[in-house]
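Full structure from sequences and hints, please.
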Amino acid sequence: MYVAFYFWHGVFLNDLNRLTFSKALFLILAALVYLVISFILYRTFESQFLAKYISQPLLRGVVSGAFIGFILFALVTVLGISFTKDINLTYILVDCAWQIAEQIIGGLIIGFGKIFIFEPIPELIHKD
1 MYVAFYFWHG
11 VFLNDLNRLT
21 FSKALFLILA
31 ALVYLVISFI
41 LYRTFESQFL
51 AKYISQPLLR
61 GVVSGAFIGF
71 ILFALVTVLG
81 ISFTKDINLT
91 YILVDCAWQI
101 AEQIIGGLII
111 GFGKIFIFEP
121 IPELIHKD
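With my numbering applied, the sequence shown covers 1 to 128.
If you are wondering where the hints come from, they were derived from the structure by calculation, not from laboratory data. It cannot be assumed that every hint is accurate.
Across the chosen pairs, the derived CB separations fall in these ranges [to be verified]:
(1) I92 - Q56: 30 to 38 Å
(2) D86 - I54: 34 to 42 Å
(3) F26 - F116: 31 to 39 Å
(4) A101 - I81: 14 to 22 Å
(5) Q56 - G80: 31 to 39 Å
(6) S82 - F112: 28 to 36 Å
Note that the coordinates shown come from a computational prediction; the quantities given were computed from them, not determined experimentally. A virtual CB, placed ideally from N, CA and C, is assigned to each residue, including glycine.
Written out as structure tokens, the structure is:
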């Protein structure tokens, strides 16, 4: 998610060049924020509520990512945290879609981790 954030804001939108303080400090603080977001995303993914209704790890990753992405978008929008001063409906919709997509990427990575690391493939039963 941090890499996707950097690509979106640092390469595609070139927002990071408009910072009025240290870029290194900003990236370190953003990394810490993304660690917290990752923890919350993981806890949402592993919640009993989602596990009860969605057993497939990749789908659960998508759902938890979309949920956390929308919550983050709403929180950031309400707090007024933005790189731009010119906010219109198009900006809001694109920002919402990107935030959800970014968190879905994180949710899918958690889902793949669940499949390949935490749910080992059953051993083959040998008939002798």
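Hint check:
1. A beta carbon spacing of about 31 Å between I92 and Q56 agrees with the range 30 to 38 Å that was offered as a hint.
2. Checked against the hint of 34 to 42 Å, the C-beta distance between D86 and I54 comes to roughly 39 Å, which is consistent with it.
3. In this structure, F26 and F116 meet the distance hint of 31 to 39 Å, their C-beta atoms being roughly 33 Å apart.
4. Take A101 and I81: their Cβ atoms lie about 18 Å apart, and the range 14 to 22 Å holds.
5. Checked against the given bound of 31 to 39 Å, the beta carbons of Q56 and G80, roughly 37 Å apart, stay inside it.
6. Restraint check, S82 to F112: a C-beta distance of roughly 31 Å satisfies the suggested window 28 to 36 Å.
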